[in-house]
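Required output: the full structure, derived from the provided sequences and hints.
Protein chains in written order, with numbering that gives the first Met the number 0: chain G, 0 to 373; chain W, 0 to 526.
The hints are simulated quantities; they were obtained by calculation from the structure and are not laboratory data. There may be inaccurate statements among the hints.
Stated by the list, open to error - Chain G is faced by these chain W residues, among others (derived, beta-carbon under 10 Å):
no., residue
1, Gly239
2, Ala338
3, Thr346
4, Gln459
For each residue, glycine too, the CB sits at the ideal point set by N, CA and C.
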Amino acid sequence: MGVHAMRAGVLAGGLLLPAWSMADWTLNMTPGVTGTSNEIFSLHMTILWICVAIGVVVFGVMFWSILAHRKSEGHKPAHFHENTAVEVAWTIIPFVILVIMAIPATATLVDMYDTEESDIDIKITGYQWKWRYDYINDDFGFFSNMATSQDEIYNRAAKSEHYLLEVDNPLVIPVGKKVRFLVTANDVIHSWWVPAFGVKKDAIPGFINETWTRVDEPGIYRGQCTELCGRDHGFMPVVVKAVPQAEYDAWVQGQLAAAELERQLTEKEWTLEELIERGERVYATACAACHQANGAGIPPTFPALKGSPVVIEDLPAHLDIVVNGVSGTAMQAFGPQLSEADLAAVITYERNAWGNNTGEMVTPKQVFDYKNQQ
Amino acid sequence: MSAVIDTHAGEHHHGPAKGITRWLFTTNHKDIGTMYLVFSFAMFLFGGSMAMVIRAELFQPGLQIVDPEFFNQMTTMHGLIMVFGAVMPAFVGLANWMLPMMVGAPDMALPRMNNWSFWLLPCAFLILASTLFMSGGAPNFGWTFYAPLSTTYGPPSTTFFIFAVHIMGISSIMGAINVIATILNLRAPGMTLMKMPLFVWTWLITAFLLIAVMPVLAGVVTMMLMDINFGTSFFDASGGGDPVLFQHVFWFFGHPEVYIMILPAFGAVSHIIPAFSRKPLFGYASMVYAVGAIALLSFVVWAHHMFTVGIPIAGQLFFMYATMLIAVPTGVKVFNWVATMFRGALTFEAPMLFAVAFVILFTIGGFSGLMLAIAPADFQYHDTYFVVAHFHYVLVPGAIFGIFASAYFWLPKWTGHMYDEALAKTHFWLSFIGMNLAFFPMHFLGLAGMPRRIPDYALQFADFNMVSSIGAFMFGATQLLFLLIVVKCIRGGEQAPAKPWEGAEGLEWTLPSPPPYHSFQTPPEVK
Numbered sequence: 000m001g002v003h004a005m006r007a008g009v010l011a012g013g014l015l016l017p018a019w020s021m022a023d024w025t026l027n028m029t030p031g032v033t034g035t036s037n038e039i040f041s042l043h044m045t046i047l048w049i050c051v052a053i054g055v056v057v058f059g060v061m062f063w064s065i066l067a068h069r070k071s072e073g074h075k076p077a078h079f080h081e082n083t084a085v086e087v088a089w090t091i092i093p094f095v096i097l098v099i100m101a102i103p104a105t106a107t108l109v110d111m112y113d114t115e116e117s118d119i120d121i122k123i124t125g126y127q128w129k130w131r132y133d134y135i136n137d138d139f140g141f142f143s144n145m146a147t148s149q150d151e152i153y154n155r156a157a158k159s160e161h162y163l164l165e166v167d168n169p170l171v172i173p174v175g176k177k178v179r180f181l182v183t184a185n186d187v188i189h190s191w192w193v194p195a196f197g198v199k200k201d202a203i204p205g206f207i208n209e210t211w212t213r214v215d216e217p218g219i220y221r222g223q224c225t226e227l228c229g230r231d232h233g234f235m236p237v238v239v240k241a242v243p244q245a246e247y248d249a250w251v252q253g254q255l256a257a258a259e260l261e262r263q264l265t266e267k268e269w270t271l272e273e274l275i276e277r278g279e280r281v282y283a284t285a286c287a288a289c290h291q292a293n294g295a296g297i298p299p300t301f302p303a304l305k306g307s308p309v310v311i312e313d314l315p316a317h318l319d320i321v322v323n324g325v326s327g328t329a330m331q332a333f334g335p336q337l338s339e340a341d342l343a344a345v346i347t348y349e350r351n352a353w354g355n356n357t358g359e360m361v362t363p364k365q366v367f368d369y370k371n372q373q
Numbered sequence: 000m001s002a003v004i005d006t007h008a009g010e011h012h013h014g015p016a017k018g019i020t021r022w023l024f025t026t027n028h029k030d031i032g033t034m035y036l037v038f039s040f041a042m043f044l045f046g047g048s049m050a051m052v053i054r055a056e057l058f059q060p061g062l063q064i065v066d067p068e069f070f071n072q073m074t075t076m077h078g079l080i081m082v083f084g085a086v087m088p089a090f091v092g093l094a095n096w097m098l099p100m101m102v103g104a105p106d107m108a109l110p111r112m113n114n115w116s117f118w119l120l121p122c123a124f125l126i127l128a129s130t131l132f133m134s135g136g137a138p139n140f141g142w143t144f145y146a147p148l149s150t151t152y153g154p155p156s157t158t159f160f161i162f163a164v165h166i167m168g169i170s171s172i173m174g175a176i177n178v179i180a181t182i183l184n185l186r187a188p189g190m191t192l193m194k195m196p197l198f199v200w201t202w203l204i205t206a207f208l209l210i211a212v213m214p215v216l217a218g219v220v221t222m223m224l225m226d227i228n229f230g231t232s233f234f235d236a237s238g239g240g241d242p243v244l245f246q247h248v249f250w251f252f253g254h255p256e257v258y259i260m261i262l263p264a265f266g267a268v269s270h271i272i273p274a275f276s277r278k279p280l281f282g283y284a285s286m287v288y289a290v291g292a293i294a295l296l297s298f299v300v301w302a303h304h305m306f307t308v309g310i311p312i313a314g315q316l317f318f319m320y321a322t323m324l325i326a327v328p329t330g331v332k333v334f335n336w337v338a339t340m341f342r343g344a345l346t347f348e349a350p351m352l353f354a355v356a357f358v359i360l361f362t363i364g365g366f367s368g369l370m371l372a373i374a375p376a377d378f379q380y381h382d383t384y385f386v387v388a389h390f391h392y393v394l395v396p397g398a399i400f401g402i403f404a405s406a407y408f409w410l411p412k413w414t415g416h417m418y419d420e421a422l423a424k425t426h427f428w429l430s431f432i433g434m435n436l437a438f439f440p441m442h443f444l445g446l447a448g449m450p451r452r453i454p455d456y457a458l459q460f461a462d463f464n465m466v467s468s469i470g471a472f473m474f475g476a477t478q479l480l481f482l483l484i485v486v487k488c489i490r491g492g493e494q495a496p497a498k499p500w501e502g503a504e505g506l507e508w509t510l511p512s513p514p515p516y517h518s519f520q521t522p523p524e525v526k
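And the structure:
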């Protein structure tokens, strides 16, 4: 018994310790790395100190009364109950303080709304539960999924330094350039936030919101979705990598080449094993959050794929649901989100995993034809 | 005075019915008030236990206890139950008990409607609670139920939630009509509007707010109902609708709703502080005007909940200025309370402890509110734990401490017995420490960048979350002590005189404790 208790203790301690050693007792907002975030920080500190000053005066008088004007100290109550001069003063003075506060706040706000004359435009789209970044000027784009493993989340593995705040493909921007973000969403409302930039904008389906940033220091900046967007709202981080212009240009070239390579995958001859292997990876990022890694889903909201008639038998229906989604439910249309190769791979994987041993294979070419005949 | 004693003597053949029918069919303001208060406390424990689940999951990083899906159901139901089930009915309960006694009336003006507006509530909450057991689970889209998460993407139980909100709304509107009818028609001769006790004033204004905004809430949930079940597209962009419209309509209800939950507490505290300071309330007239100003401003500030949705800059500036303006009348109230205490003869029985804590902690909530009003800064605060800290500071030590202060203040009047002062003070100090431990660290978490409504968080937030959870467990457990104190007080204790508090003023203290079944059968004269 004692041994078991000790082992449990060591295990719990081992899982907990990294959390404690990496945690910190940060009390305040940080100034951030952009002009906007610095202006916000200074507004924040100004209003905070104004509040502290008012608090010291008001609570000072109150505590003085609490300590000195006690009945137990033999204090006799006064009988005054109004004083016009005092009442007018404590109406006017706060009003003046507010006007003084409103002036810098207005200036900052005007600045934040000035999205003119940008150097680069990036479209940000919120999906349940990932971000998509489209580089409008260069005609390429990609999804950005959380990279933290389920084992870390469910305490089966030690948590890494950037637990929940790491992604597979970060947004890359050049330093010193005005980057305009066009923010929208595909399903529900999300909100794109990077605290170090002082940028937070709601991503709303059917709307395109504008915001901008200019980052001066190269680095990796992390944020999260800040509008409740369903089950995995806490698991869609934002990671932005700010790099020097030369490095950015090289990265863009790399992305363009990779996009071309991706297009060629549709033409390639695939084997069942290759498709299943690729499909397993696609499934983990695109499907597992709802339908679960074991295909059991969370019925009734997220149906099981394991043993499902659509997945084992009806291939056309399977294709239709994955490509076009199911309207009125959380099932998205993955046709526009994934490449033909990825769509074919994930469908093939679903039809051959968890005991769904159909042995059937869907090729990227078939998916391509299916999309075109619609 | 003699008229009161006569009524008391003549009331024997006209008392309450026996058994369960007394409660089912009662039209008596005290019985209905008691039922409201008991119901509200039950909901407080129900919603509170959900908060315990939330804090238990957030005790450490990682997912330990509940699935994220259930976590979202807990945050949603906790908010809905606390707002509509705990705080609002508690104030209606206080209004039922106290308004007739304060204005010198025998009962509320519309007693049968009073019975109905209470009995609708358990029905509404039975429907809402039953969604926890439905397939697909309870509402999981936050108490603000933003579309399209709550419409296209909502669970099947959403329709039940909509009907529950409709029923609560009907109950609230009827309660508000009753309050207005009572105050405007049943005041004792000589009680002009500017002689009304402040609790009566604040409730009168609250009732008008309720009548103005509850139909708006009913409207927004009805639009949801249409979107979900009848193919309309009010909030669905793909059908030509507008998801942001939802937020405008919701917050047009939602912001006045915030004041509905705090104004009656302002009123109660304005009785308690003078009573235990043994000194008249400072600035009665300015208190009344301040409440009126807050109520009017509450209709033109709703979009400060929506600074990040992308409204035009002109709108942004208007809502920022209007919101900052609310600090002026709110400041006046705080200054008046402090000036009332200044040079009084203070004692600190439980009602006063809760009232003083109310003033201090509500003011802290007001400060963070002022910070949130600064639109550019709000871009950083919005939807983080800073907001969670802010609204818990105005609702827990604001609304809920206000309710506890009122309960201890009037318990001797209601039951005819004094409550156990030592236990009540213990209840206060444990609540005070637990509450601050639970909610103060949330300011730091929000400023460090932790979003709200997440079941798991990055490692740098671990320490303060653990502190916050410990505080929350402490606060939660302490509330069972309140139950014990009240039960003990009802069953016995030192006999309470008609006016148990030396400095208390008002007609309710001219009645014996406990008061006769029909409070004032002959109207008292107010000079």
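Here's how the hints hold up against the structure:
1. Here the hint on W/Gly239 is kept, as its CB sits about 9 Å from the closest CB of chain G, short of 10 Å.
2. Interface restraint check: W/Ala338 against chain G, minimum CB-CB distance 8 Å, threshold 10 Å, status holds.
3. Against a cut-off of 10 Å between C-beta atoms, the interface hint on W/Thr346 holds, since the closest Cβ of chain G lies about 5 Å away.
4. With 10 Å as the threshold, the beta carbon of W/Gln459 comes within range of chain G, its nearest partner Cβ sitting at about 5 Å, so the hint holds.
Every hint from the earlier list agrees with this structure, and none is contradicted.
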